[in-house]
Every structure is written in C-alpha cells, then in structure tokens.
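Participant: So you can see what is in the structure, the chains are spelled out below.
Number of protein chains: 2
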Amino acid sequence: MSIAGDLIRGHTDAIILARLLRSDSYGYEINKTISSLSGGRFELKEATLYTSFKRLEETGCIVSYWGGSGPGARRRYYSITPTGRQTCRCLLEEWRETKDIMDKLLETEEET
Amino acid sequence: MSIAGDLIRGHTDAIILARLLRSDSYGYEINKTISSLSGGRFELKEATLYTSFKRLEETGCIVSYWGGSGPGARRRYYSITPTGRQTCRCLLEEWRETKDIMDKLLETEEET
DNA sequence: CAAAGTACCTTGACAGGCGAGGTATCTTAT
DNA sequence: ATAAGATACCTCGCCTGTCAAGGTACTTTG
Numbered sequence: 003m004s005i006a007g008d009l010i011r012g013h014t015d016a017i018i019l020a021r022l023l024r025s026d027s028y029g030y031e032i033n034k035t036i037s038s039l040s041g042g043r044f045e046l047k048e049a050t051l052y053t054s055f056k057r058l059e060e061t062g063c064i065v066s067y068w069g070g071s072g073p074g075a076r077r078r079y080y081s082i083t084p085t086g087r088q089t090c091r092c093l094l095e096e097w098r099e100t101k102d103i104m105d106k107l108l109e110t111e112e113e114t
Numbered sequence: 003m004s005i006a007g008d009l010i011r012g013h014t015d016a017i018i019l020a021r022l023l024r025s026d027s028y029g030y031e032i033n034k035t036i037s038s039l040s041g042g043r044f045e046l047k048e049a050t051l052y053t054s055f056k057r058l059e060e061t062g063c064i065v066s067y068w069g070g071s072g073p074g075a076r077r078r079y080y081s082i083t084p085t086g087r088q089t090c091r092c093l094l095e096e097w098r099e100t101k102d103i104m105d106k107l108l109e110t111e112e113e114t
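Taken in sequence, the protein lines are chains A and V. When we follow the numbering used here, the leftmost residue of the first sequence carries the number 3, and every step to the right adds one. When we follow the numbering used here, the leftmost residue of the second sequence carries the number 3, and every step to the right adds one.
For the record, the hints were derived by calculation from the structure and aren't laboratory data. You may find that some hints are simply not true.
Pairs involving identical chains hold if they fit within one copy or between any two copies, as the list cannot separate such chains.
[As the list claims (entries may be wrong)] Distance condition first, Cα-Cα at most 27 Å in a straight line; then the derived DSSO-like pairs of lysine-lysine:
| # | residue 1 | residue 2 |
| --- | --- | --- |
| 1 | K34 | K106 |
| 2 | K56 | K106 |
| 3 | K34 | K56 |
| 4 | K47 | K106 |
| 5 | K34 | K101 |
| 6 | K34 | K47 |
| 7 | K101 | K47 |
Generate coordinates for the entire structure from the input sequences, incorporating the hints supplied.
Facilitator: Rendered as structure tokens:
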C-alpha cells in the first residue's frame, strides 16, 4: 500500500531540507532518493517538488546553481543555507510534536 | 509551540473516527477532547470539524441523531458504523506507515 | 435583561498537491 | 542517421482540505 500525498502535506519542505542537509543535490536525484528511502511506498510528484524548491528558494532556505551534467541533461543543484538549517531544525521538531499529538489523538484503547 | 492544521491535514477523519470508536459524541465535545488530549497544542477548527462530519456521513462511516440537550443547546450525536470501523482501521494503519516513511525521509544523521 | 457559555452550521478565500503537458540533452540500439 | 528511452527541468490549472468570519439558537448566571 502506498501513501497519498495529502498525508504528507505540509511536510514536503521538511523532507527536502533534510535531504539537502546531508549534501547538495538536484531535483531528479532527490526524487529518486525519496522514492527509494520509502521503499517505493511514497513518491513526490515533480510538480510538487519544483513548487517546493521555488518556495524554499524564495524564503532563503536554499540556493541553486547549475552544475556538471554527468549523463543526461544539465542539472540544477540546490544547497541549504544557514537559514535553511535553522528552518529544518524547527520542522524536525514540529514533526516530533505532530507525531506525539497524533499518537495521543488516535489512541483507541487496545493498549494497556 | 502549537501545531498548524496543515501538518495534520489528511488525518482529520482518522482523529474523529478514533474518538467515535470509543463512544458516541457530539461536535463540541469532540473538539474539547481533542484540544485537551493534545495538551492544548492542537485544536480542530469548527469549520474543519463539520466539514469532516459531513464527509464521513456521506461515505457512510458515521450516522447522526439528535440527542438529549443537557446544559446548553441541542446536540447532534455521531455514531460510528461498521464501515467506519473498517475505515478507521485502515486510517490507523496508514498513519503508522506515514510515520515510518517520514522518519526514514527526515533522518539526517545525528543518530548512531 | 444582558452577557457568557453551550452548541450547531455555512460561505468564501487560500494554499499545497498534482495531472497533464512541454522543453532539452545524452545514450543506445537499429 | 535516427528513433527510442532515460535523464533532467519547468509551468499551468484544477482539486481538495483548512479555516477566518459570520450567523443561529438555547440555557444559565449575574
């Protein structure tokens, strides 16, 4: 079973920043990575991905530059900025909070 | 810090069904319960709540009936149906999946 | 009687996700 | 040569869920 985008909605930016925190990368690759990390259960649609890039660039969380092409077409690489690191930290914390709250709200009673 | 609704987006129905799985309830009460269970960190807006009720009723997950008023205005109670129980089970499973995937995607590397 | 709490509901705007469509480059097989 | 397929980027417009704002109505309390 795969996961609908709406369940992830609002966390897209966090996912991308978390990826860029590890190393610079470009759209196509980030997409593949996400797909593979999730075991094929989740995949960011391209339109969503580029929307997010634009948003993150506008808010100064990432910067981009055209990089070596390798095999295939030219690539636009993205790099996380100090602002982006800060934002990422916040978003990760928010995710922890979200999890915590959701788990409490979804508790039915099968647990002790 | 409180959690924005957009981070929960897509899980609203699950939250409500999980509440109704415990016992019949009505809008106002469910809202209070959610707010208190989350320690005041999250609260469903009324408009969102009633939108969800409508959706769930249309899909046969819940049924409603006018119940005893108690103190205050008349109340519309909601009751979960067998379909709703089934749906709830699916949504809980989806939440577990979502958590699992998100945790993998957000991993930076500060862990061992 | 007025105010505050309980309780319900609708409308319209907004934002993010995404289907569909488009461009350009490079490799490989025919 | 050329066609196909992978790599790689981007935009437009629709859809759906959230929510601010506004409204109704009843009950209790000061």
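Participant: Does each hint hold? Answer for all of them.
Facilitator: Hint check:
With identical chains, the CA atoms of K34 and K106 are at most 27 Å apart between copies only, with a shortest distance of 14 Å across copies and 33 Å within one. In this assembly of identical chains, K56 and K106 lie within 27 Å of each other by CA distance solely across copies; the values are 24 Å between and 34 Å within a copy. Taking the shortest alpha-carbon separations for K34 and K56, only the intra-copy value of 19 Å comes in at or below 27 Å, while the best inter-copy value is 38 Å. For the identical chains of this complex, K47 and K106 are inter-copy neighbours only, at 18 Å across copies versus 31 Å inside a copy, given an alpha-carbon limit of 27 Å.
Taking CA atoms no more than 27 Å apart as the test, K34 paired with K101 passes in both settings, with 25 Å inside one copy and 20 Å between copies. For a Cα distance limit of 27 Å, the shortest separation of K34 from K47 inside one copy, 11 Å, qualifies, whereas the shortest one across copies, 37 Å, does not. For a Cα distance limit of 27 Å, the shortest separation of K101 from K47 qualifies both inside one copy, at 24 Å, and across copies, at 19 Å.
Consistency note: the structure conflicts with none of the earlier hints.
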